[in-house]
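Number of protein chains: 2
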Amino acid sequence: MIQETIEKIVPINLEFAVKAQRRLDNLTKPPGSLGRLEEFAKRLVAITENVMPVLDKKVIFTFAGDHGVADEGVSAFPKEVTRQMVFNFLQGGAGINVLARHAGAEVVVVDIGVDFDFTKAGDSPDSTASLRFARKSWDSPLTAFISKKVVMGTKNMRQGPAMARDEAIRCIEVGIELANEYTKKGYKIFATGDMGIANTTPSSAIAAVLTGKPVSEVTGKGTGIDENSFKNKIKVIEDSIAINRPDSKDPIDVLSKIGGAEIGGIAGLIIGAASNRIPVIADGFISTAGALIAYCIEPKTKDYMFAAHNSAEIGHKAMLEKIGLRPILDLDLRLGEGTGAALAILMIEAGLKIYKEMATFGEAGVSKKNNQ
Amino acid sequence: MIQETIEKIVPINLEFAVKAQRRLDNLTKPPGSLGRLEEFAKRLVAITENVMPVLDKKVIFTFAGDHGVADEGVSAFPKEVTRQMVFNFLQGGAGINVLARHAGAEVVVVDIGVDFDFTKAGDSPDSTASLRFARKSWDSPLTAFISKKVVMGTKNMRQGPAMARDEAIRCIEVGIELANEYTKKGYKIFATGDMGIANTTPSSAIAAVLTGKPVSEVTGKGTGIDENSFKNKIKVIEDSIAINRPDSKDPIDVLSKIGGAEIGGIAGLIIGAASNRIPVIADGFISTAGALIAYCIEPKTKDYMFAAHNSAEIGHKAMLEKIGLRPILDLDLRLGEGTGAALAILMIEAGLKIYKEMATFGEAGVSKKNNQ
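Protein sequences, first through last, are from chains A and X. Residue numbering for the first sequence follows the numbering used here, starting at 45 and increasing by one per position. Residue numbering for the second sequence follows the numbering used here, starting at 45 and increasing by one per position.
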């Protein structure tokens, strides 16, 4: 299925970029003066092969998974926070809910690897209350929950592979399936997000292996660990790479041995987006680890990606450089969930609106540049 | 009037910042993980002395003025574009209209120094059509036009002062009056913008004099002039400073001799905003020249300012550093009008929504950090 999907990915259509540029240069502003907003519009036109793209339906996929490596004390938060945050997403009270509403986007929470059985969630009093609250509390689009569980958390990668190879493949397929499904439902732009206690650890491991940089240069303090835990985290990642010997030429091998389920889902979503000609915004550090897996599987996916922001997590930059993406925002964010991507949607839409709604020199009766 | 207004400006209330921080640290996210969004919320709370600030009414003031120095060939566009763009604003077809709609903000176009008599605009067939169109075309808030003309364009500063001292003072007063009026009308956040062919030239002159940097380090290509015109522009600015000898210790002297009417209006608006405890977003290069004038008149105004973005125009950074502001966005914009400020509104609002709408750990039943 992955191979089949990759074969559908084509480079974006530069003829459409030229058409978009022609319109942009005729709008009542000095050429190029709206900088990256113009770039966003041009890319949307080229991706969609539509001179008047529409971004009416927007969706952020927040992939949730647990990590066996959390047992090594690499996170400031206890592991149960992953599932607690899933309930928080469904209640509409998390950062991603707030910012998705701000951007007019829907949130789809995907359980791809949480170490908790949500089908039994109805038994626990807090969760039923949560789900009820989710339906009543906000008049903006609801948060959806989709169960696509591949693993009950990954295994501790310091002791062996985080996932079996077929599990890693299945995670990517989940992302592709979601991309296909939401394309059919008429969504016009996708964004990625993540939830998983300890998931900066596999993301740093992936960054180290796929960019070739030392672990210490791509590892940060995640949710806010102290100095000792930070040193331990670097050691844990180094050990995990040494024990598993992931093949940097085989991104699926990397994903299975030192990755995470949500990272695989994100990689798959990006591959699926590209195969459907849907623009996709990668959020921050964890999402970019997924984007880097997608890029290493098929570099043409890059044409369809936007990098939402420059994460405060060290190591993010190296991955963005490897893919060749310039982030849209730089707001010292390091929350994940898709929060940066939600904000980036607003900037990409701003670019599209400029392109579609501004008057041309002719329409407005404004003189062009001297000697033109 | 300026003195009276300045005396009303007080430092922002840090007790409120502490209260805001307490709430931010109790929301379901690692402390500080929403970076600058948290900073924006905290500043709004401290500025307004309100633990639950509201940003329901937002207004962008686009000050328009002409510049005698345009005669020196410093711009890529002919001078009549200033008035043509005012009509474009009223038709809703300019960049600022599109982005203000995107941000849910109103646009107020202020004629503070355009070399055109808009009271006779009804005589010209294009303008009546324009005004009619403005009333019919968009269901989002209309663009308002306010006549506060102080000069019919400034004089050519290469041959003497751009304005008389009392004209410069009057420009600042216009800004203060607007700030007072729109505070009374219930607007909760102001943003600044500019329109004026050739106005990067006085802005660079102000930057050079008030930061102490050489003209060549703070002068850029504005709307897009060629190499020869660029060299000429630097020479024109150097000559203007040499002839007028503005006193860098007297910001009003600087504004009158080498400034512009719209820059004075922007400075006044910022002073007026601070005196009314209203947060104010300075757009890009020209607006920051106004902000720097305001800051040099009364440094406490800084507490009330947000810097919208890092302009592609060289010289902007030196002014932001002088004031001590870190820009919110960095999108290679160099259009002015308030376009960057409109986008920044969306980010500041995002910070406020996070602060107001996110669930706390207790509300969501999410575990806090280990050992807390």
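Treat the hints loosely; a few may be bogus.
[Said to hold, decoys possible] Beyond 12 angstroms from chain X on every Cβ pair, some chain A residues (computed): (1) I46; (2) V125; (3) P258.
[Claimed, not checked] Some chain X residues near chain A, calculated using beta-carbon distances under 7 angstroms: (4) P74; (5) G137; (6) V142; (7) G264; (8) T267; (9) N272; (10) R378; (11) K397; (12) I398; (13) M402; (14) G406; (15) V410; (16) K413.
[What the hints assert, rightly or not] EDC-like mimics (lysine to aspartate or glutamate), calculated; alpha carbons at most 20 angstroms apart, straight line: (17) A:K265 x X:E225; (18) A:K413 x X:D115; (19) X:K193 x X:E225; (20) A:K412 x X:D69; (21) X:K413 x A:E271; (22) A:K397 x X:E150; (23) A:K199 x A:D283; (24) A:K412 x X:D115; (25) A:K412 x X:D159; (26) X:K412 x A:D283; (27) X:K412 x A:D270.
It is worth saying that the hints were derived from the structure and are not from the lab. Glycine included, C-beta positions come from ideal geometry on N, C-alpha and C.
For this session: Determine which of the earlier numbered hints do not hold for this structure and return their numbers in increasing order.
Result: 2, 7, 9, 14, 17, 20 and 26
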